[in-house]
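Student: Residue numbers (this note's numbering), protein chains in the order written: chain A, 1 to 844; chain B, 1 to 118; chain C, 1 to 353.
Hints listed in this document are in silico derivations from the structure and should not be mistaken for laboratory results.
Predicted model only: the values in this text are computed from it and were never measured.
Treat the hints loosely; a few may be bogus.
[Unchecked claim] Cross-link-like lysine-lysine pairs, in silico, DSS-like; alpha carbons within 25 Å at most:
id, chain 1, residue 1, chain 2, residue 2
1, A, K34, A, K641
2, A, K509, A, K438
3, A, K582, A, K208
4, C, K85, A, K358
5, A, K438, A, K360
6, A, K362, C, K85
7, A, K362, A, K509
8, A, K512, A, K438
9, A, K362, C, K83
10, A, K358, A, K438
11, A, K362, A, K438
12, A, K512, A, K362
13, A, K360, C, K83
14, C, K85, A, K360
15, A, K360, A, K509
16, A, K647, A, K582
17, A, K512, A, K358
18, A, K438, C, K83
19, A, K208, A, K358
20, A, K358, C, K83
21, A, K512, A, K360
[Claimed, not checked] Just some of the chain C residues that point at chain A, by a computed CB distance under 7 Å:
id, residue
22, S44
23, M63
24, A98
25, I102
26, G105
27, A230
[To be verified] The following label-pair restraints were derived from C-beta to C-beta distances:
id, chain 1, residue 1, chain 2, residue 2, range
28, A, S669, C, L103, 36 to 42 Å
29, C, V87, A, I499, 39 to 45 Å
30, B, E39, C, P154, 21 to 27 Å
31, A, F505, C, P331, 56 to 62 Å
32, C, G158, A, E695, 29 to 35 Å
33, A, S142, C, S261, 54 to 60 Å
Backbone N, C-alpha and C define an ideal beta-carbon position, used for all residues, glycine too.
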Amino acid sequence: MTTINRQATPQDPQGPQGLHDDLHEIWGNPRGLKALTIVNHTTLGLRFMVTGMVFFLIGGILAMLVRTQLAMPDQDFMSPEIYNQVFTMHGTVMMFLFAIPMLEGLAIYMIPKMIGTRDLVCPRLTSLGYFCYLFGGIILTSSLILEMAPASGWFMYTPLSSSEYAPDLGSDFWLLGITFVEISALSAGVELVVSILRTRTQGMALHKMPLFAWYILAMALMIVVGFPPLILGSVLLELERAVGMPFFEVAGGGDPVLWQHLFWLFGHPEVYIIFLPAAGIVSTLIPVFAGRPIVGYGWVVFAIITTGFISFGLWVHHMFTVGIPQLAQAFFSAASMLVAVPTAIQVFVWLATLWLGKPKMKLPMLWIVGFLVIFVCGGLTGVMLALVPFNWQVHDTHFVVAHMHYVLVGGMFFPLMAGLYYWLPLFSGRMPSETIGKWGFWLTFIGFNATFLIMHWTGLLGMPRRVYTYDTGMGWDIYNLLSSVGGFIMSAGIAMVLIDIALHFRYGKPAKHNPWNADTLEWANSMPPSAYNYVSLPTIETRHPLWDNPDLPRTMAEGQHGLAVATHGRRELWGTDPLTGKLRETIHLPGNSWWPLFASLALAVVCISLLVRWYPLAGIAVIVAGVFLLRWSWENGAHPKAAPDAKVMPGDPPLHSRTMDGPGLWTMSVFLIANGSFFLSYLFGWFYLWTVSPEWSMPETSPLSLVVLVGAGIATIAGMGVMEKLVSGLRQQRDAGLAVGLYIASGLGALQVLLIGWVLYSANLAVTETAHDAVILVGLIYALFHGGLAAVLSLLQGLRVGYGYVGAHAPFEPAVVAQLWRFNVVTFWVLIGALAVLPRVIGG
Amino acid sequence: MLSLMERLRLTHPIHFVIGLTLWSIWFVVVYGGQAVACEVAPPMPEQGVFNLLNGWLLIVSILAMAVLVALTWGCCQIANRHQGRLRFNAAVSAGLYLFSALSVVFVALPIVGVPPCL
Amino acid sequence: MRERASYMASPNIQRVSHQWVNQIAPLFVLVATTVLVGCAGDKSILDPAGQAARDVRLIWWIMLSFASVVFTAVIALWLYAFKRKPVERTPAEERRIARRWILGGGIILPVSSIAALLAFGVPAGQRMMPVPLDNAPEVIEVIGHQWWWEVRYPNAEGGEVVTANQIVMPAGEPVDFHVSSADVVHAFWIPRLGGKIDMLPGRVNRIRLEADEPGTLVAQSAEFSGVGYAHMSFPVEVLPRDEFDTWLSARQPEQLADLASQGNSNALAAFQESCASCHRVAGLSDSGEGPDLSDVGGRAALGAGVLPMQTGAITYWLTHHQTLKPGNRMPAHDDMDDATLETLGNWLEGLNP
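Sequences and hints are given; from them, build the entire structure.
Tutor: As structure tokens, this is what we get:
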């Protein structure tokens, strides 16, 4: 292990203030228009959260409209057309534009601080994620103003959302806007995984990581695996709507149930993607207010991992009424109930911690208790819903609406509020008002239960969800009225909370340092935090650094720990071993940049031009976005803007771009996991339609030329071979013939693309006639894109060798590209097997 | 047996995810298998639960459970030999393997009670 | 304001009236009455009229009781943890206590509850499985449309019987419903009998339901299907077997055709001109765009449960259908004068075999 800990000694002429100024010079945020270039996680985390709050208010207003309409039978407040848009957008906004981005924002803000580092590993990706979220959100919500909002419900079941039954632009707004927003979720997911695994401060082994980081790690991995099925589904449905490829149309050999599978393959994990970080907040706060470490740290890790996995085996429980055989339903029923185990473990771990500690009922704890009451209730109805016969009765009634709000509001909103109050002093340096805060809590809590507890009953009396009106005489009237009254009480409560938070920035008492006496590192920050978080990065020996070493904030601020000197002008942080937390390299991060903004603007143009079906512009914008992204990737490694020289302070480990194992490698791996999930979803779709779709027809002879496809497969294997040889040479410090080798690999990639293009051309696919041909087209375009990407990236690597950015002295990047080649080889051969070989073997 | 377990490096945190990954694969095999079988060659409804399909599903489930139980046992053995980080890893892995094994049993229970494809 | 009475409050079924609850409605009465009479309702799953729904109701009450105990205990323990005085303990004692909590509450409690639940639940679902029976049950095909219901009796003696927006089924015997959809996804649900099952384009789903005794029930779509979704309900008439057979045999196409052709010639002409391209009336027209009208006069309600049938109802429907059921696919009949509409309405009302 390399040891470091260069200290700012008392003889240091600069002293702590000098260190601070140096770091501020490098990390500080620009003002004015240039603020759009900021990539810093603290700023962007706040932007995420504030934007999320705005969308929460929009979603909340929509909810109030719904409750107004349903307050009494036979209301004329809204027409069914408007009502359908309102409830669809309420669900969509709350799920995609509030819950996920809000929690991601919190994680983006908090994770680097908690694990003792200065920023996330891909700061420009954070920025891209934010702008994609912002633009996607604006595009989506603008549909409300245009009265063209999606109106098929937030899960967009086909054929109701298809061009035949929803001919206006509503569904397109949804599909394109959500896919755009998902770029943001995915990029945040990818970089959170890599940051947590590779940039924890020295000594923070996996089993000493704060529990919150475990929760976020699980959430991020779940995003990486769980979002691609919906992205695929959205792409397919948009293709069906825009071009007429019949993926979900029975007559063309498609199947609307495929959409339901793809949606819920995403949609169920999504619930836990929302719940896990919120539970992470609970697990962070309870030990602090109980004044003792959490009992059963290992149990909680166990619960997190099991929840993460099991949640992928439950999706069919949203589809119990689809007519799936009862045996299959029983599997999903049992698996759904299993989730009760890790959840119960967490509830009792929290209880035991309180039991063995000295709990104090402060404002954040009040929200935690509120969370418990609501969430336990929602969990219990969740177990009930997992029971198939009961589910058949209450499915799509207000009982489910009530359950879902208990789980989501209880499981996400209440812990979020607890966390907000808890971390508020960190955000602003001030304390909120306990009195207004308590009013806010009680109004929200009472209002919430008044709305949704009663709604269980309305559902049992048979009121279906999503009806815009109902007859009197069903016995539903009074319950609906009470629910509506409750809803308005709840919004008064939330207004109180917002007022409290707004006022506290001005009138709140200044908070003392670490006001709750917490144990985790984020409280070693100054309040509010500086752009670089810490003057020096400590070595951590325990799970509770601030309890075991209360002096740590001071010594960190005085620069007594690692990476305190910044005269080299780089943004630096530690790269550590993912398991043990041993120091491995010095990671240097890129600074503020326009590229993320430009790239996301170009993507927004793509989105809008697809929306208005102006395809030439979309094509141009895709190319422009690609150029921006490649230009962005150009400013890496040994580029003059990144780290032109490899000099480090004596004793520090080497710069990551001068090793073979930087965070880029990890980012590429995690991105490829997401990509693999997309590919598997595609294969699922192919085999699903093939076996189950009612009108599927497999042609007698495959339209694909197997010989040419195998040729393309051999080209990609050869390309991978070349890359592997180059990388193993770089590992041994040899870079002779590197550029030539990269150009050869690039050429092989181009050959693969040409051959696939030829197959496509000669196959003469009738993509608007049969789902079979349409699915094949999508698969081959996938291969085409990836082959092309590998070729372009290899070509750029070759150019970078010429510029001197890549070579034996900076050997890192070809290894990243080599991973893509490996992925391409595997997916392309699987694709050949699935699309061209199996149909020949098995036949239609 | 134990020497095999030692070769698997059960103190590595990769085992946090292997058990549940095996569970997921088993789940996909059983769910996908019955779905495909029901499309291609559904057993007669009159046969009730005693048919070839349920038999196969049961065998696959028992195999999956056996592998997971063996890994649980291995992790327990290895955990007892270590302290600190390695013990933590092996112990959590043991718990996760056990949970995966029990999940297989629990989710497989309907195979002995529900006829397929209806 | 829409005038819409409800055919739902049917006299056939003995039930405590719950109207007064709506009128008085103070909270304390509500709590007390919730359990006593609040369960009743034409779409209430807690007011079963068949064994499958009764099973689910039993499961619900058991689950609710058990869940209430668990809920109260967990919350009480949490609150007590705040109130109690902390006790000094050695780390070994702490570990032991923690392990007890986690194993007891985190493992044993959920595992035993879900095992019990599964043991209860799986058999209850099998009742609705269409396993083969010795006496093949009556089959009723129901096809969902935006926003009405096509109903067919394929095995009726003498040939298939077609109707719309109503189901008549025999009491005291299992009936297999084969459901499908002509457009988007709908769901077939008779809350007081059990269910529900989705109606998908391109597929036929099957569910077996049984009503205990004769009476009127209500069916409801439970999958969002667009603008007219809130108005996709219809009456289910449960008849004794012999009355059911009579009902069925009165709807043979030839008889319905006779009935239709006896009408006023103006009405027949108006029908052929303005209605026949979408609606089927046996012997006169054969289109499936809109609901079959061959026996419309004999149905309990119009427009999929929107307007109860009574004298003059059809004429009223013809002039007000877009306000009664916004978004429905029938064009406004502005081109027809009131007298023609009334003749047409009277003739349709007479289609009551």
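Student: Compare the structure with each hint and give your call.
Tutor: These are the hints, each one checked on the structure:
no.: 1; hint: A/K34 - A/K641; in the structure: holds, 17 Å
no.: 2; hint: A/K509 - A/K438; in the structure: holds, 17 Å
no.: 3; hint: A/K582 - A/K208; in the structure: holds, 13 Å
no.: 4; hint: C/K85 - A/K358; in the structure: holds, 8 Å
no.: 5; hint: A/K438 - A/K360; in the structure: holds, 15 Å
no.: 6; hint: A/K362 - C/K85; in the structure: holds, 17 Å
no.: 7; hint: A/K362 - A/K509; in the structure: holds, 16 Å
no.: 8; hint: A/K512 - A/K438; in the structure: holds, 21 Å
no.: 9; hint: A/K362 - C/K83; in the structure: holds, 14 Å
no.: 10; hint: A/K358 - A/K438; in the structure: holds, 21 Å
no.: 11; hint: A/K362 - A/K438; in the structure: holds, 10 Å
no.: 12; hint: A/K512 - A/K362; in the structure: holds, 16 Å
no.: 13; hint: A/K360 - C/K83; in the structure: holds, 9 Å
no.: 14; hint: C/K85 - A/K360; in the structure: holds, 12 Å
no.: 15; hint: A/K360 - A/K509; in the structure: holds, 20 Å
no.: 16; hint: A/K647 - A/K582; in the structure: holds, 21 Å
no.: 17; hint: A/K512 - A/K358; in the structure: holds, 22 Å
no.: 18; hint: A/K438 - C/K83; in the structure: holds, 19 Å
no.: 19; hint: A/K208 - A/K358; in the structure: holds, 23 Å
no.: 20; hint: A/K358 - C/K83; in the structure: holds, 9 Å
no.: 21; hint: A/K512 - A/K360; in the structure: holds, 18 Å
no.: 22; hint: S44; in the structure: holds, 5 Å
no.: 23; hint: M63; in the structure: holds, 5 Å
no.: 24; hint: A98; in the structure: holds, 4 Å
no.: 25; hint: I102; in the structure: holds, 5 Å
no.: 26; hint: G105; in the structure: holds, 4 Å
no.: 27; hint: A230; in the structure: holds, 4 Å
no.: 28; hint: A/S669 - C/L103: 36 to 42 Å; in the structure: holds, 37 Å
no.: 29; hint: C/V87 - A/I499: 39 to 45 Å; in the structure: holds, 41 Å
no.: 30; hint: B/E39 - C/P154: 21 to 27 Å; in the structure: holds, 25 Å
no.: 31; hint: A/F505 - C/P331: 56 to 62 Å; in the structure: holds, 59 Å
no.: 32; hint: C/G158 - A/E695: 29 to 35 Å; in the structure: holds, 33 Å
no.: 33; hint: A/S142 - C/S261: 54 to 60 Å; in the structure: holds, 57 Å
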